[in-house]
Amino acid sequence: GAVVSQHPSWVICKSGTSVKIECRSLDFQATTMFWYRQFPKQSLMLMATSNEGSKATYEQGVEKDKFLINHASLTLSTLTVTSAHPEDSSFYICSASRQLQSTEAFFGQGTRLTVV
Amino acid sequence: AQSVAQPEDQVNVAEGNPLTVKCTYSVSGNPYLFWYVQYPNRGLQFLLKYITGDNLVKGSYGFEAEFNKSQTSFHLKKPSALVSDSALYFCAVREPNQAGTALIFGKGTTLSVSS
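Here the protein sequences come in this chain order: F and X. In terms of the numbering used here, the first sequence opens at residue 411 and continues consecutively. In terms of the numbering used here, the second sequence opens at residue 28 and continues consecutively.
Any given hint might turn out to be false.
Short, incomplete list of chain X residues facing chain F, as computed with Cβ under 7 Å [what the hints assert, rightly or not]:
1) P34
2) Y52
3) V54
4) L71
5) K76
6) G80
Think about it this way: if two alpha-carbon atoms lie no more than 20 Å apart in a straight line, the pair counts; the simulated SDA-like pairs of lysine to any residue are [said to hold, decoys possible]:
7) X/K104 - X/G80
8) X/K49 - F/Q452
9) X/K134 - F/F501
10) F/K451 - X/K49
11) F/K451 - X/D112
12) F/K451 - X/G80
13) F/K465 - X/V140
14) X/K85 - F/E469
15) X/K85 - F/Q519
16) F/K451 - X/P34
17) F/K451 - X/V38
18) F/K451 - X/K134
19) X/K134 - F/Q519
20) X/K134 - F/R447
21) X/K49 - F/S453
22) X/K134 - F/K465
23) F/K451 - X/Q98
24) F/K451 - X/N68
To be clear, the hints were calculated from the coordinates, so they are not data collected in a lab. The beta-carbon is built from N, C-alpha and C at its ideal position, and this holds for glycine as well.
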């Protein structure tokens, strides 16, 4: 149990286009999901906290108009990178916590975004 | 503010030898502590956690970690390293009783096990 699926695993897009990344909790309900960004050989930096049915909470320095987060159901959160630029190229990882049993977080496989 | 420090960027060990990956933390109260492993271009895999109870926590793949409150440390250990253990290891912390909050990660330590 406790599987988080992230799709796509990798994507290449042109500058100026938008890319949507999906994060699904397959066998549990996740009231809260988190989006992280990871640069090569660096740690995971929290971008935003996504709560089902409400607006996401963004970390300082993260552009909410550029990184649109939607958490429309208890099993799905999406991150849309709008008007992507090469500097947005990175590894994006989502995680989810179970309702009421969230001592640990479960992570998706990650999405490698390359903007050309 | 809570934080996690992994003082070593890289740890090198020969196969069969014991390994230790260091982690210290700063958080008010008794923390929730975690270790995750990441293989190239993959998400994070959970290894073990400390919430409460015994200070020595056993986890996946033969790894264990010891919670030391006086030294505010949570070092990851394994008695006998395998080449397949080579990966990037992250220590993480969460404030106690903050179930809906994100994990805060250390910068990561690359473990390299040579045959």
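Checked hints:
1. P34: violated (14 Å)
2. Y52: violated (14 Å)
3. V54: The hint is violated - X/V54 has no Cβ within 7 Å of chain F, the shortest such distance being about 15 Å.
4. L71: Holds, because the Cβ-Cβ distance from X/L71 to chain F comes to roughly 4 Å (cut-off 7 Å).
5. K76: At 5 Å from the nearest chain F Cβ, X/K76 passes the 7 Å test, so the hint holds.
6. G80: Result: violated, 12 Å to nearest chain F Cβ.
7. X/K104 - X/G80: OK: X/K104 and X/G80 at ~18 Å, within 20 Å.
8. X/K49 - F/Q452: With Cα atoms ~17 Å apart, X/K49 and F/Q452 stay inside 20 Å; holds.
9. X/K134 - F/F501: holds (15 Å)
10. F/K451 - X/K49: holds (17 Å)
11. F/K451 - X/D112: Status holds; Cα separation ~17 Å.
12. F/K451 - X/G80: The given pair, whose Cα atoms are some 33 Å apart, is violated under the 20 Å limit.
13. F/K465 - X/V140: violated (44 Å)
14. X/K85 - F/E469: This hinted pair is violated, its Cα atoms lying about 33 Å apart.
15. X/K85 - F/Q519: violated (24 Å)
16. F/K451 - X/P34: Satisfied, since the Cα-Cα distance of roughly 15 Å is no more than 20 Å.
17. F/K451 - X/V38: Since the Cα atoms of F/K451 and X/V38 sit roughly 14 Å apart, the hinted pair holds (cutoff 20 Å).
18. F/K451 - X/K134: holds (9 Å)
19. X/K134 - F/Q519: Satisfied, since the Cα-Cα distance of roughly 19 Å is no more than 20 Å.
20. X/K134 - F/R447: Since the Cα atoms of X/K134 and F/R447 sit roughly 13 Å apart, the hinted pair holds (cutoff 20 Å).
21. X/K49 - F/S453: Holds, at roughly 15 Å.
22. X/K134 - F/K465: violated (29 Å)
23. F/K451 - X/Q98: Distance ~27 Å between F/K451 and X/Q98 Cα, so the pair is violated.
24. F/K451 - X/N68: holds (11 Å)
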